[in-house]
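Chains A and B supply the protein sequences, listed in that same order. In this text, residue positions in the first sequence follow numbering that gives the first Met the number 0: the first is 0, and each later residue adds one. In this text, residue positions in the second sequence follow numbering that gives the first Met the number 0: the first is 0, and each later residue adds one.
No lab work stands behind these hints: they were computed from the structure. Here a beta-carbon is modelled for each residue, glycine too, at the ideal position from N, C-alpha and C. Keep in mind that a hint or two might mislead.
So these bits of chain A aren't anywhere near chain B, every CB distance computed over 10 angstroms [claimed, not checked]: (1) Thr25; (2) Gly172; (3) Thr235; (4) Leu257; (5) Asp276; (6) Gly293; (7) Ala298.
Estimated spans, in silico, between C-beta atoms of each pair [unchecked claim]: (8) Pro16(B) / Ala71(A): 51 to 57 angstroms; (9) Gln213(B) / Glu242(A): 50 to 56 angstroms; (10) Glu36(B) / Gly16(A): 24 to 30 angstroms; (11) Leu171(B) / Asp321(A): 20 to 26 angstroms; (12) Thr161(B) / Asp78(A): 57 to 63 angstroms; (13) Pro35(B) / Pro311(A): 16 to 22 angstroms; (14) Thr161(B) / Glu219(A): 22 to 28 angstroms; (15) Glu266(B) / Arg286(A): 46 to 52 angstroms.
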Amino acid sequence: MTDFSAQVFQNEFLPSGADTVDAVVTVTASPGATAGGAQRGDAVEIIVIDTSGSMQEEGGRKIRAAIEATQAAIDTIDDSCHFAIVGGTAGAYMIYPNDGLAVADDRTRHEAKQSVARVRAQGGTAIGSWLRAAAYLAAQRPAAIAHALLLTDGKNQNEKPAELDARIAECVGRFQCDARGLGVDWDISELRKVASALLGTVDIIPRPEDMHAEFTRLTEAAMGKQVGSVALRLWTPKGSVCEFVKQVAPSLEDLTSLGTAVNPLTSDYPLGAWAGDEDRDYHIRVRIPVGSVGDERLAARIMLVVDNAEQPAALVRAIWTDDERLSTRINREVAHYTGQAELADAIAEGLAARESGDGQTATVKLGRAVQLAHESGNDDTVRLLQKVVEVDDAASGTVRLRRDVEKSDEMALDVRSTRTVRVNRKAE
Amino acid sequence: MTNGDTLTCPSCGQLSPTSATWCEACGHELASEPKPECVTCGEPAIEDDGYCHSCGHRQPVPRDYVEMVDGPISAVSDRGQRHHHNEDAVAVARVDHDTAVLVVCDGVSSTPGSAEISAVAATTTAESLAAAAAGGMPPEHMAVSGDALEAAVDAAQLEASTASHDMTIDELNPPSTTLVAAVARRHSATVQVSVVWLGDSRVYWIDGEDVVEQLTVDHEIEGALTRWVGVDASHHSPQVAHYEFPLSPEADLIVCSDGMWRYFAPELGGPAGELVNRLKGDGLGGLDLVRAMVDHANEHGGHDNISVVHWAPGSSDGIAGTTVEAESDRPAAIGTIDDGADDGPTRESTESEETKESHP
C-alpha cells in the first residue's frame with residue numbers, strides 16, 4: 000500500500016478587503032505501514048518510436064541509435080508487465096507484438112528486440128495517429144497503469160494541428176505520455192501539448208547517443224509507479240473562483256484546464272500515476288468572497304482521490320486581519336514558486352524576443368531569468384541560460400546575448416525552462 | 000441531502016437509496032442526520048471541523064464568547080469585532096458572603112498559544128486567591144496579604160509555563176498574557192480591595208459618576224507591555240496594591256482588559272463612571288450590566304478581545320443581601336501601592352529593555 004498525505008503552506012492572514020488566497024500544497028506518497036510491500040497494480044508500457052524517413056539521415060545513425068535505445072528499454076520492462084512497441088510514420092504500425100499487448104518475459108523481450116532490430120526508416124510523421132494506436136493498446140487493459148514513451152525527430156507534417164489536438168483529447172486519462180524530441184528539427188510546442196495533456200514530461204535528446212540513457216531512465220521510472228490514478232479534489236466556497244492549480248515541483252505544469260467538476264463547489268485535478276515514494280508541490284490560487292476583519296473562512300478544502308477513494312487531506316484558510324504584521328508576512332513556499340513561475344515566463348519571453356530579433360527585450364528578460372535562477376539556487380537553469388547568454392553578473396541579472404548559439408542549446412533552455420527547484424535549496 | 004426516496008451524494012451527485020450509508024459511486028459518506036446550520040449563510044452544512052461546506056465560514060467556538068456568573072459576580076469575555084480568536088480569559092470566585100475574587104488575563108495575540116495560557120493563568124490565580132482569602136484572619140485593611148497575591152501570581156506563572164511546555168510554541172515568541180486580579184472583602188462599613196497585576200489589564204472602583212478610581216497602573220510603554228506572564232517572564236515582578244473604600248450601595252468593582260477600557264474615552268460614550276452609571280440608570284445590573292459594557296465596546300469597533308468582571312459589593316442583591324446606607328461624606332480611598340519591582344534583588348524589573356507588543 001502507498002499512503003498519501005498533503006501539507007499546506009500559506010499565509011492565511013489577509014488584509015481587510017483582500018480576496019486572493021495563495022497556498023502551496025505538498026503531496027507526498029510514502030510506502031504504507033501495512034504489510035504487503037510494493038504490490039503494484041497491472042502495468043502497460045508502450046514505446047512509440049519515430050521511423051519516418053528523416054530518422055535514416057546522418058547515414059542511419061539516428062535509427063540505429065533508436066533501435067539500440069528501444070532494445071535497452073525493453074530490457075527494463077518487468078516480468079508480467081504488458082507492453083508493445085509501435086512504429087510511427089504517416090500512420091502507426093505494430094513492431095511488436097503483431098497485435099495488442101505482449102506479456103513481458105524473457106521470450107517476449109527477446110522477440111521484441113529482434114523485431115525492433117528489423118525496423119527501417121521511411122515515410123512521414125503523424126503523431127496523432129501514433130497516439131491513437133497507443134490509446135487503442137492501453138484500452139486493452141483499462142485498469143492498468145499505462146505509460147507511453149513517444150520519440151520523434153521531426154515536426155508533425157502529415158497532420159493538421161486540429162487533428163493532433165483531437166487525437167490528444169481522445170487519449171486524456173487513458174495513459175500518461177513522456178514525449179521526447181531527437182535533434183533540433185522537431186516542434187517543442189507540439190510535444191509540449193502532448194505531454195501536458197497526458198500528464199507527462201517533454202524534453203530534448205540532443206544527440207542520438209543520448210537516447211539509450213534517456214529511454215532506460217523513462218521506462219525504469221514507469222516501472223516504479225505504484226498508484227495509477229491520483230486526483231487532487233478541491234472544494235472552494237460558494238461564490239469563489241479557482242484562479243489556478245499548478246504543479247510547481249518538480250516542474251511547472253498548469254493543471255487548471257484539466258479540472259473536471261464533481262459538484263458545483265468541487266473539482267478534480269488529475270495528478271497522474273505515482274511512485275511509492277515521491278512528493279510534488281502544487282500552487283493553488285483561489286479568489287473568495289471578502290470577509291470582515293476577524294472572520295475566518297475556509298478558502299479551500301483539499302482532498303486526495305487515490306484509486307477512486309477520497310481521503311481528507313488539508314485545509315487552506317483565510318483570516319482577515321488589520322494587523323499588518325500578520326497580513327504582510329511572506330510565505331516562503333508561495334514566494335519561491337511564484338519566483339520559479341516568473342523564471343519560466345522570463346525565459347519563454349526572452350527566447351521569443353530573441354527569435355523575433357528584439358535583442359533589447361531578450362537581454363532584459365533573459366537577464367531577469369539569470370537573476371531569478373541564481374537567487375533561487377536553480378543551478379541547472381543557470382547553466383542552460385549560460386549557453387544562450389554571457390553572464391556578467393548573475394546577482395544583478397547583467398547579461399549579453401551570445402552571437403552563436405547552438406540550436407540544441409536554445410531548445411534545451413526552452414523545453415527545460417519549466418523545471419523548478421525545491422524551496423529549501425536556496426542560494427546562499 | 001434527501002430527494003424523495005433517494006439520497007443525493009453531496010460529493011458527486013450520484014443518487015442512492017435512502018438506506019445507503021455510503022455513496023456507491025465515490026464512497027462519500029451519505030449524511031443520515033442533517034448537519035448543523037451555518038451562522039453566516041444558514042446552509043445546513045457544518046462539517047465536523049467547524050467550517051461551513053457552502054460558504055466556508057468558521058463557526059463560532061465556545062471560547063469566542065464566555066459568560067460566567069457566581070452569585071452576584073458576573074463576567075463576560077468576548078472575541079470582539081476584529082480579532083480572530085478570543086485570547087482573553089476571565090475567572091471568578093465567591094469566597095464567602097463578603098469576599099469575591101475577580102480575575103482577567105489578556106493573552107497576547109501576537110504570541111501563539113496565548114489563549115491557552117491566559118485561561119490557565121486566570122483559573123490558577125482565582126483558585127489560589129480564593130484559598131488564601133478563605134483561610135485564616137485577613138491582615139488589617141487588606142482583603143488578602145501581599146504575599147498571598149504574589150504567591151497566586153507565582154502559581155499562575157508556573158502553571159502557564161508548564162502549559163507552554165506541553166504545546167507546540169514559537170520558541171522566540173512564547174505564549175504570554177497579562178494578569179490582573181482583585182480580591183474584595185466587605186468589612187463593616189468598608190470594602191477592602193487587594194489588587195495584583197502584570198501588564199495593562201485594569202481594576203476600577205466606581206462609586207457614582209464622580210468617583211472613578213483606577214486601582215492599577217499599566218505596565219506598558221508606547222503600546223508595548225513591560226511585564227507579563229509567560230515562560231519568558233519568570234523574572235517579571237507582579238505589582239500589588241491595597242485599598243479601602245467606604246461601602247456604598249452604588250459602588251462597582253470592575254476588572255477588565257484593554258479591549259474594554261480603551262472604550263472608556265469621553266468621545267466614545269463617556270468615561271467609565273459615566274458609562275457604568277448611565278447603564279445602571281437604564282436599570283441594568285449584574286450580568287446585564289456587564290453584557291451592556293461589552294456591547295458598548297463592540298459598538299465602538301471591538302478592536303480587541305473584551306473582558307469585564309463585575310461585583311457591586313454594596314448593592315441590595317449583594318453577596319449577603321445586605322443593604323448599605325449611602326455614605327454622604329465619602330473619604331478618599333486609602334491606597335497603598337507596593338511596586339514589586341522594588342522589593343529585592345530576586346525580583347528585578349528590566350522593563351526599560353524588555354517589552355512585548357500587546358496591541359497588534
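Each hint, compared with the structure:
1. Thr25: holds (19 angstroms)
2. Gly172: holds (16 angstroms)
3. Thr235: violated (8 angstroms)
4. Leu257: holds (18 angstroms)
5. Asp276: Holds, because the least Cβ-Cβ distance between Asp276(A) and chain B comes to about 25 angstroms, which exceeds 10 angstroms.
6. Gly293: violated (5 angstroms)
7. Ala298: violated (7 angstroms)
8. Pro16(B) / Ala71(A): 51 to 57 angstroms: Taking Cβ atoms as reference, Pro16(B) and Ala71(A) lie about 55 angstroms apart, which means the hint holds.
9. Gln213(B) / Glu242(A): 50 to 56 angstroms: Between Gln213(B) and Glu242(A), where Cβ atoms are some 52 angstroms apart, the hint holds.
10. Glu36(B) / Gly16(A): 24 to 30 angstroms: holds (28 angstroms)
11. Leu171(B) / Asp321(A): 20 to 26 angstroms: Distance hint for Leu171(B), Asp321(A) holds at roughly 24 angstroms.
12. Thr161(B) / Asp78(A): 57 to 63 angstroms: Taking Cβ atoms as reference, Thr161(B) and Asp78(A) lie about 60 angstroms apart, which means the hint holds.
13. Pro35(B) / Pro311(A): 16 to 22 angstroms: Since the Cβ atoms of Pro35(B) and Pro311(A) sit about 19 angstroms apart, the hinted range of 16 to 22 angstroms holds.
14. Thr161(B) / Glu219(A): 22 to 28 angstroms: violated (54 angstroms)
15. Glu266(B) / Arg286(A): 46 to 52 angstroms: violated (39 angstroms)
Consistency with the previously given hints fails for numbers 3, 6, 7, 14 and 15, ordered from lowest to highest.
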